[in-house]
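Read off the chains here:
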Amino acid sequence: MADLKSQTPTEVLDVLGRVCPYPLVMTKKALEKLSSGSLLKVMTDAPASAEDSIPRFAEKQGYGIEIVKLEDKGYWELYIQKS
Amino acid sequence: MEEGLTPNKEEYMTTFKNIFATRWGIITVGALVGILAPLLQKLGNPGNMGVCVACFQRDIAGALGLHRADVVEYMRPEIIGFVIGSLAAAYLFKEFRPRAGSAPMVRFVLGVFAMIGALVFLGCPWRAWLRLAAGDGNAILGLLGLVSGIWIGIRFLKAGYDLGRSQPTYAAVGWTLPLIMLGFLVLMFIYPQIPGESKSGILFYSVKSPGSMHAPLAISLAAGLAIGLAAQRSRFCTMGAFRDLILFQQTHLFLGVISLAVFAFIANLVLNQFNPGFANQPVAHTMGLWNYLGMVLAGLSFVLAGGCPGRQIFLAGEGDGDAAVFVLGMIFGAAFSHNFGLASSPAGVGPNGIAGVIVGLVVCLSIGFTMRKKAA
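From first to last, the protein sequence lines stand for chains A and B. Under the working numbering, the first sequence is numbered contiguously, ending at residue 141. Under the working numbering, the second sequence is numbered contiguously, ending at residue 387.
Calculated from the structure, these hints are not laboratory results. Please note that the accuracy of each hint is not assured.
[What the hints assert, rightly or not] Simulated pairs of lysine-lysine, DSBU-like, Cα-Cα distance not exceeding 35 Å: (1) K86(A) with K118(A); (2) K169(B) with K118(A); (3) K53(B) with K63(A); (4) K131(A) with K53(B); (5) K99(A) with K105(B); (6) K91(A) with K53(B); (7) K118(A) with K219(B); (8) K169(B) with K127(A); (9) K384(B) with K87(A).
[Stated by the list, open to error] Beyond 10 Å from chain B on every Cβ pair, some chain A residues (computed): (10) D61; (11) V77; (12) V83; (13) S93.
[Unchecked claim] Selected chain B positions facing chain A (in silico; Cβ < 7 Å): (14) A32; (15) R34; (16) E106; (17) L168; (18) R176; (19) S177; (20) F259; (21) G317.
Even for Gly, the Cβ is constructed at its ideal location relative to N, Cα and C.
Make the full structure from the sequences, and use the hints.
This is how it looks when you write it as structure tokens:
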């Protein structure tokens, strides 16, 4: 799979400070608006969303996903490629 | 083990975390609750109430004298264990994230009405499943009400309902509810239950059921800690189970809840605690409409607040000050329920229970309609 995090995202979604289910609700809505092949970068500090619900959703949809945990900043960056 | 194959601490943590986040992980956590609850009942907790987050918070409100319903007063160690267990798991896995500021006042109100709805039905979603698993047919309408309330809440989520962002804050904010719970535990040691006495120091203790029925303190606390640890890791949520199923077609949390019900059913059969029927079920009434509508109110409140009562406790344990406010709202909601005649009893709904549900639905629907962000 291509290195998603090194690519320029089509759109950046900031859901910092939001807990489940908002990060996934907003990610799903953002992905629905994007065309196939687009790259969505999601910034979230909700562990359940970053490590569980959003990856599970992306994998079920067949989208590529890369998760980068930024320990020093206390949040995750998720790179999701719509396919 | 060969040198080089020994995982370091970080890898151990990751592996352990992944276990709980997997399908079998959530099933295991559901099984843990499903087995522990009937066991706690066998060891002394009330009928079909081995674990009930709402009922136990109601009992804590009684122990503190916030209400004076003398049949439901006991400082339930399970709730204390839930919070401390979640806190421990959050620290162990570096997920303690003190945060607050996402409409706390609204969350308090949602907690109040979640409890009012739950006490009209007589149980939180955990107990609804445990009641069903013990043969209480009245739980069916309660669970249908829960799903209906969640479905209504999802309409609001889809329409842009949003309580706004929380902000990172001082660690002390995240520690507040755990410290309150530790304080409650200390009070239990300073003022232990005196057989036959309704008060010990500043704490109230029921001398008749169901508040008088409880497993030994150490066992209740240990069970609470175990569930708190496991549930924090797995994100176990009885409301999220249906929300994610309906909203995202995700079955992950749902599997955990089904596991709870199946294992509780088996445990009840083994322990001879399965008694099918509708009438004369323990701490339950047969007024179907209000079993249903009470849980509609509770389910709607849970969705608008972002989690079932258990999940709110586990979130509070990992530093979420807004979830802690919801927990306090539930405790105060229990006090309102009993002080104002809103709570049901085995005889049926309280004298003002119907009014409480109607007011609660109006308030929650108003919150859902007025706190929506228009799509960009």
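Each hint, compared with the structure:
no. : hint                 : in the structure
1   : K86(A) with K118(A)  : 12 Å, holds
2   : K169(B) with K118(A) : 20 Å, holds
3   : K53(B) with K63(A)   : 54 Å, violated
4   : K131(A) with K53(B)  : 47 Å, violated
5   : K99(A) with K105(B)  : 23 Å, holds
6   : K91(A) with K53(B)   : 54 Å, violated
7   : K118(A) with K219(B) : 52 Å, violated
8   : K169(B) with K127(A) : 28 Å, holds
9   : K384(B) with K87(A)  : 14 Å, holds
10  : D61                  : 21 Å, holds
11  : V77                  : 6 Å, violated
12  : V83                  : 6 Å, violated
13  : S93                  : 17 Å, holds
14  : A32                  : 5 Å, holds
15  : R34                  : 10 Å, violated
16  : E106                 : 5 Å, holds
17  : L168                 : 6 Å, holds
18  : R176                 : 3 Å, holds
19  : S177                 : 5 Å, holds
20  : F259                 : 6 Å, holds
21  : G317                 : 6 Å, holds
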